[in-house]
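Asker: Got two chains here, separate frames each, mind docking them using the hints?
Quick mapping for you: the protein sequence lines, in order, are chains A and B. Quick note: this note's numbering has the first sequence finishing at residue 267, numbered continuously throughout. Quick note: this note's numbering has the second sequence finishing at residue 128, numbered continuously throughout.
Mixed in with the good hints, there may be bad ones.
As the list claims (entries may be wrong) - Residues of chain B placed beyond 10 Å of chain A at every Cβ, according to the derived structure:
1) GLY26
2) CYS31
3) ALA69
4) ILE74
5) GLY126
To be verified - Partial list, derived from the structure: chain B residues whose beta carbon lies under 7 Å from chain A:
6) GLU11
7) MET13
8) VAL14
9) THR17
10) MET55
11) ALA84
12) VAL85
13) LYS105
14) PRO106
15) VAL109
Because the hints were derived from the structure by calculation, they are not lab data. Here the structure is a predicted model, which means the values were calculated and not measured. All residues carry an ideal CB built from backbone N, CA and C; glycine is no exception.
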Amino acid sequence: MQDQRLAELEARNRTLDKALRRLETRNRRLEAVVEERTLQVDRLLAQQSTLVKHLGHDLKTPLTPVVAMLPLVRGAVEEAETAEMLDVVIDSVGYIHALVDQALELADLPQMEPVTEPVDVCHLIDDLLASHGDRYAVENRLPAGLAVVGDRLMIRKVLAHVLDNAVGFTAEGGSIEVTGGESGRRVEIVITDSGIGMTEEQIRRAFDEFYKADPARNRLGSTGLGLTICRRMLGNLGGTISMASSGLGHGTSVTIGLPVAEDGNGD
Amino acid sequence: MPVPVLIVDDEPMVRFTVEKILTQAGHGVQCADSGVACLEAVRAGFRGVILMDVMMPGLDGWETIDALAAEGLIEGNVVCMLTAVREPEERMETVKELILDYVRKPFQVAELVSKVEELGLLLISGRE
Chain A
1 MQDQRLAELE ARNRTLDKAL RRLETRNRRL EAVVEERTLQ VDRLLAQQST LVKHLGHDLK
61 TPLTPVVAML PLVRGAVEEA ETAEMLDVVI DSVGYIHALV DQALELADLP QMEPVTEPVD
121 VCHLIDDLLA SHGDRYAVEN RLPAGLAVVG DRLMIRKVLA HVLDNAVGFT AEGGSIEVTG
181 GESGRRVEIV ITDSGIGMTE EQIRRAFDEF YKADPARNRL GSTGLGLTIC RRMLGNLGGT
241 ISMASSGLGH GTSVTIGLPV AEDGNGD
Chain B
1 MPVPVLIVDD EPMVRFTVEK ILTQAGHGVQ CADSGVACLE AVRAGFRGVI LMDVMMPGLD
61 GWETIDALAA EGLIEGNVVC MLTAVREPEE RMETVKELIL DYVRKPFQVA ELVSKVEELG
121 LLLISGRE
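Pulled out of the complex, with its shape left as it was, chain B reads as follows (with noise of 0.2 Å):
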């Protein structure tokens, strides 16, 4: 079943590899070069898997979580950080609740693809 997959990540290139991945795995990808882009497409209706980049000019993906919490926008969604680095402990724990998953970079494609559908199956038993 294809999954709605929002990738937020100011990088090109990521963006471009996680696009042509879960595409031709067969699902929808919409991406955004930024928190602040995020933030306007969940605004505008999308629901879906958000894999979330952490480092990011601007809001970085910390900063774009509490926004989107902020503004009730979580809800319908479920956010997978998408990290090159090791966070402080104290850092996740403040948004621990909001975040249900992280895919380390580099990834292999079955692992980015297995993630996204586990995560797909649980937006859909959240609706039921």
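Looking at chain A on its own, in the form it has when it is part of the complex (with noise of 0.2 Å):
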């Protein structure tokens, strides 16, 4: 009895044994599948980046002549209606700079590296607020000393966009706030305007790429990326962006979150 149940058990474990060798074979050739991908993908990035790269090249040299030296030709002519076409042709320059601009920046995000150090969030605020108090009411209440942690050049893109939004969209003499803190181990940013608020259907679609919410206002420069690429910067930086409104003609509010700064100070 006790020899057959031996020979049961031997059996059992010769079976067991023959599984275990076909997993790890099969283990083995998923790994080598995986390492296949992974050095696809790492290709497939550089050459992105690599494209990305002299394509930028390409297309910012010949931009070079016409951005510099338009205005210049434009400076020199007194004929009226030739003075119109050429301010004409200058804002569609320009138009094509920030989109050149902004569409190399988002396909360029996935291959930057952010720095990571501590950033002083209200000195940052001070700063882009400082060039807006003549036509808004501005105000700044962030806690002295506010600091999180991430890349302070993304940083200051994000908020920079977000404030030049607030200014685009508030009539000259409104109102442009920022108020946030800590809240546990995140800091909130909340810059708030009394401009001309946003749709539900706007505010959904506010960070598809090439949106731009108010398509008939003459806004040339907005390319409808900002908010994408702000997006995913702040992504890339472990953060996070949201806006509300409470509906056309009562002002937005964007809600930027990122890791507080451990030690409090950013600078």
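Answerer: Below, the structure written as structure tokens:
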């Protein structure tokens, strides 16, 4: 009886051993496939990075004489009709320049390695609001020394873009207020304007590529990529961005979340 | 005060643009269409602000700066990169003591002129 039981156990052991060896072989094959796919992805990312670099050079170089010298030509023109035509051309060139810059920035984002450092966002907001104080009632109510962890240049770009939007969609004399603070391990920065506000549809689509909240507005230079770039940059930094509005005519709030800096002081 | 400028760029339209803008602003401009031409100009005695393109065939901007430094030709010059691309940080790290500033293409007239004049002042203060 015991011998029979022992023989059964040994048979089961042999079956389990065979199954284990099959699993190990399959595992090795899967690891090889994953390694090959990873190398393919790395090659594709490197190719994309090279393409973006060369495309950037080849788009921006011929833009150089146009951007630099058209205003000089315009300055030398006195005849009204010609001046008007040149003004339209200069506006168009400005739009193309902005589109090239932002499209390349968006394409390059996956390859960018953010610097991790403490950033004093209260100080950054003070800097950015300084140029708007003449035309708007601006107020920075962030606690002094409020600091986040992230790439200073990226964070500055995001805040600058959101503030530019607030300015662009708020009539002169309106208000722009920045509030926020620490909430657990995160910092929230809320930028609220008294501008034209947004519909639910506009809020839902605001971060889509090339979406412009009001295409009928003459805002050449608005490419529809700014908020897309902001969201992806913040994503790379472990941050978030969201928008809210009570509707048209009732202003807009943009909330940016970023990891808090542990030691508090960013500068 | 006129600032001597050497524009190093393989693109004729960029050299033309920079020369036109800076000459109208009262500065003296020499042109070099390659890294090799830049080395020749500096060996021949150019001292001033060097506006250096990054992407050039043959010696690129970084290699040209390395060559200038190796021959002791950075002294008396200030180098400002003229770039259309975002360069990898590690490339800039190796030469950051040699480059004082950079201008991104495409640039506005006022930006280029003020940058050159700012660097010109540094040249003067370096000599005093």
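Asker: Against this structure, judge whether each hint is valid.
Answerer: Structure-based check of each hint:
no. : hint   : in the structure
1   : GLY26  : holds (15 Å)
2   : CYS31  : holds (14 Å)
3   : ALA69  : holds (24 Å)
4   : ILE74  : holds (25 Å)
5   : GLY126 : holds (28 Å)
6   : GLU11  : holds (5 Å)
7   : MET13  : holds (5 Å)
8   : VAL14  : holds (5 Å)
9   : THR17  : holds (4 Å)
10  : MET55  : holds (5 Å)
11  : ALA84  : holds (4 Å)
12  : VAL85  : holds (5 Å)
13  : LYS105 : holds (5 Å)
14  : PRO106 : holds (4 Å)
15  : VAL109 : holds (6 Å)
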